[in-house]
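Residue numbers (this note's numbering), protein chains in the order written: chain F, 1 to 666; chain A, 667 to 795; chain S, 796 to 943; chain Z, 944 to 1268.
Hints are computed from structural coordinates only; laboratory data are not their basis. In this text, a Cβ means the ideal position worked out from N, Cα and C, and glycines have one as well. Hints should not be assumed to be uniformly reliable.
Unchecked claim - Okay, derived cross-link-like pairs now, DSBU-like style, lysine-lysine, Cα gap no bigger than 30 Å in a straight line:
id, chain 1, residue 1, chain 2, residue 2
1, F, Lys184, S, Lys928
2, S, Lys928, F, Lys402
3, F, Lys385, A, Lys727
4, F, Lys199, A, Lys678
5, A, Lys673, F, Lys462
6, A, Lys693, F, Lys385
7, F, Lys133, Z, Lys1086
8, F, Lys578, F, Lys219
9, F, Lys385, A, Lys731
What the hints assert, rightly or not - Quick partial rundown of chain S residues pointing at chain Z, CB under 8 Å, derived from the structure:
id, residue
10, Phe805
11, Arg806
12, Arg883
13, Met892
14, Ile896
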Amino acid sequence: MQKIGVFVCHCGTNIAATVDVKKVVELVRYEPGVVFADDYMYMCSEAGQEKIIEAIKEYKLTGLVICSCSPRMHEKTFRACAEKAGLNPYMVEVANIREQCSWIHKDKEEATKKAVILARAAIAKVNLNTPLKEGESPVTKRALVIGGGIAGIQTALDIADAGYEVDIVEKEPSIGGRMSQFDKTFPTLDCASCILTPKMVEVNQHPNITLYTYSEVEKVSGYVGNFDVDIRKKARSVDADKCTGCGECSAKCPLGKIGNIPSEFDRGLRNRPAIYMPFAQAVPAVPVIDRANCTYFKTGKCGVCAKICPSKAVDYEQQDEIVTVKYGAIVVATGFDIINLDKFGEYAYNESPDVITSIELERLMNAAGPTGGHLERMSDHKQPKDIVFIQCVGSRCDSEEKGKPYCSKVCCMYTAKHAMLIKDHWPDTNITVFYIDVRTPGKNFDEFYRRAVEQYHVNYIKGQVGKVKPQPDGTLLVQAADLLDGKQINMKADMVVLAAAIEPNPGVRKIATMLTASIDNNNFLTEAHAKLRPVESPTAGIFLSGMAQGPKDIPETVSQAGAAAVKVIGLLAKDHLKTNPCTAQCDTLLCNGCSTCANVCPYGAITYDDVQVMDHGLRETRRVAQVNLALCQGCGACTSACPSGAMDLQGFSNRQITTEVDAICR
Amino acid sequence: MTELEKKIELIKEISGSDPYKCMRCGKCTASCPAYSEMDIKPHQFASYIIRGDLDELVESKAAWKCLGCFACIERCPRDVQPGKLVDATRQIVARQRGGDYLQPEEVPELLTEDLPQQLLVSAFRRYRR
Amino acid sequence: MPMNEENKEFRPLIVAFCCNWCSYAGADLAGSSRLSYPADVKIIRVPCSGRVNPMFILRAFERGADGVIICGCHPGDCHYSTGNYYARRRMALLFSMLEYIGVENGRTRVEWCSAAEGAKFSKTMNEFCEKIKSLGENVRLGDLRCKN
Amino acid sequence: MQELINRLKELIADGTVVRAIGWKKGDMPYNPEPAYFEKPEDFDNFVYDGFCGANLSKMMIEAAKLEGKTAVCLKPCDTYSFNQLIREHRVNRENTYIIGVGCRGKLDIEKARKEGIKGIKSIAGVDIEGDGDVTFDTIYGEKKMAYKDLMLDRCHVCKGKDHVIFDEVIGESKDTADADRFEEVIKIEKMTPEERFAFFKSELSKCIRCNACRNVCPACSCRKCVFDNTKFDSQQKANVDSFEEKMFHIIRAFHVAGRCTDCGECSRVCPEGIPLHLFNRKFIKDIDTFYGEFQAGKDPEAQSPLTDFTFDDLEPKDAVGRGDK
């Protein structure tokens, strides 16, 4: 029989105003197992905890029931308090008489009655509690960063600088991500590649960083501290060790001129050869062969690149390679893309080459871009005189079919940036921005936008564009409304730039599934806590960096990347992790070996082994379930799937739950 | 510089305020005692001027219904002061008409009992500069 | 027993199984937002809706509960990824079976309630209590005995 | 039958198997019982006729642990149960030699009793190879019944006469399905809740908790039955608990949900004649309707519907109120 102490908290008047605390104490005093019951103003306070510790010692308590606020609030506190007095922390149960009683009921008598019942249930449960011990699992001191954009780069650098080894897996042939496509960055207007390229080089040269470019995560197993990850290194068809990055192969590839292979990096605004580096500053400076388009791979003929390569690095026989690496922590920095605009026929994106997205505009304005930085219309290569920007294309759009319900956050600022850069280069360009709201929270952000209006006289009109109609003369007719002046507007434009909504990289869903990291309706990764744990996934050991978690600009991405790195470092700095002791347990004498539990276990924590058992004096070899305690997260799915009742959950056992049911229904 | 641009520059010069600074917050319109009389609301003045729709502004009732009470000028968070903008517009019109918009002889005809003396004085001061 | 004028004072006994991560937190939020619901509801904390064995529900009914509600994370949001999907199937079959043996529909309910849905939690519990009140005392499941 | 006996003897003789499981004559012509056969003389009592309804697959759980292979006679429907046991790793296939035996429907002596046939001395026409009517020689004279009219209800809704797993098949089968499997379930679903409750109460109140249904059920093969262990109980005490008494059949039905092959043994053995299969069949019908057709035991690789899911499964609230008029 347990010796249970019951402690009822007043929580000032939070509980005591609606629950007759003294009466609760009197009524639970004679419950089975209870040897001590008392109340106190604030149980969680230093003095309250002291009271508990004293009682444990004086009455030699073996179990505690604290009637107080939600266990989500102070269960940890009271467990620590029990431990201080030498009691196993898992011999504590909390009856939630604040959030689930005093705060929601008005009638004192009713609330008191309910508080007593909740206390009884907790007492009944504690009677069946057993001391549990947290397990320990070792930590592999190596981190994986999925995604090699600015978020992944920054996270990797910060972790590596702290002295831990980091691997970056990037599916494209080069790291750099979206930022490498940009021209200038707001609000300072410094050149994106000028600030990014040194970081890319640093990553490449860092002794603690290993780069897996043109690679993808294939399989993830394990758990916090001990992940096993299969990485598929796709065949580049170029031996990275031999390649000097001279670029001869790309220059001589016959498909460079006649191939019509749109460059992904330049968003299809120009073509690339079949053997290519995405951009000049690519890291690593090793080209890849796009086997789907390469003549050699299609017909077996050509082979120009292999012949021309001075270092004989081209290797047509190269195969995909799978490497398995152990990691302690994984950071998801898979970034974003913009949405497909097919559903927005009204903006004529697919009809006119002069309707472009903002990323395409970045490429058009970039000195290394397809036009050498000269802004021109893709239709006739003339410089546009009247440019219309349309904001919120697909953002803040409730129709799931077409767009995204959220604000993409960065469009207002980059549009102001684009407008000013254009005005800087070609001052007599007329720029009109149609917006729903201009959103510029951030240091020096509103000032930046106001500069576009006040200094550059960019014409901001509140009102969304209804339609863009390509005209026979090559111009675009923009139909919009000026809501503040209450007028419909029909204006001609030479170019229309769409601020297309951003969305998480489409590949993230697959990755999140592999990691069992939760994801929201918009495919953004979910934080463990939106406010207090913003860079952690609810799945232990998985961290979030950059746009994968939600829309954000470069400075925010870099700060979040650093924050994620700190969390990773904090994890890797530990030699061992404590594991949750509330794990599943298999009673080998009851187990049928039917594998039902293994089928429902989300963590692969259950295996089957042939073990020797003694059952009623009979020695037998049986196939029974074995729970890997380090993998088990304690969800209990196996317990309710188990047909024989062999599987049970520590801390929430079948008997504990039924006894709570009984106590409540008494 | 086009004729229009010259006019806008002139408005900026006369009023001493910059229409581009307007954020369309609407505080002026919210403060305007003549709101119900205005066909173009004070917050729209700046955009009319930026767009160059001066003729429309001049021909509106609003340009001439402004009492010059200075509420909008006092309260504008961006120092755009729509009252000054519309006043500048009126001045441009007055200047176009030649120096003397109002002759002293015309005054008795315009007088009504409700007309405050002060208005006459200020009208002379304003339109006969 | 249907409700009638005489047993107006009937106060049902309702057991709510709430998963620790979403619904229990949702109940806490209902509490901290002071969104009241009847004291007839007593919550049992379980790690996951997938932990709820049909035995627990039958047990509650047999011991005198008038209604049992299971709350879990929204499908797709399970803290353990998949627990609520299994719970959904299990409960669908159980509820259908209870209906089949003649237990009134509505004595059992599953509701997906996130940690942010305090208002939904409170509303659900109010609705559920009303429903159980209208159904009256649970006689059938307490007395579905094989031995008379 | 003789072919079967010969073959079994042969298998034992050539050492393929050590023993066989089949049926031996009972004390009455209509109650043969499952038995082990090892020596040639054991086969003197071997019988396989229309009254051999017992599903022998469950016996293989223990039999397959014995030294040497065991031959087992399985009717087409029994092979589903065997497959399900393989799925759950409950039987050792390697140690089993399955003889699929032909079936033209199994018989229910209660059907004869209902016709007023009593004092039976012997029965003719129930042989597995037979084709005609069944003739009862009773102390009141000779009585006749059509074979079909004497058949167990379950045979009228037979899953089919193909053995889903076997080493060899002996004997011909004849299709007996002539009714809809879910007809009875649908009939109950169409009643009012009050009628349904009254129906089940009247049926279940007959239960004497003899555990025959549990003991015969091939899906109820746990090493230790949940009803015999105290893990679910809050007090450490014997299993005489009102909860288990009252909820026994629902708990048992849920226990086998998604695993029950609908072999119908529970109803066949119930001494009180409770139609227990109506619980199992309701689950099968619901599973088919909610999650797509599923026949437990058909494919030992197939995932059970209860350990599977799709992202847009039916919500529990939509699982009820479907059958109400």
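Can you name, in rising order, the numbers of the hints this structure does not satisfy?
-> 1, 2, 3, 4, 6, 7, 9, 10, 11
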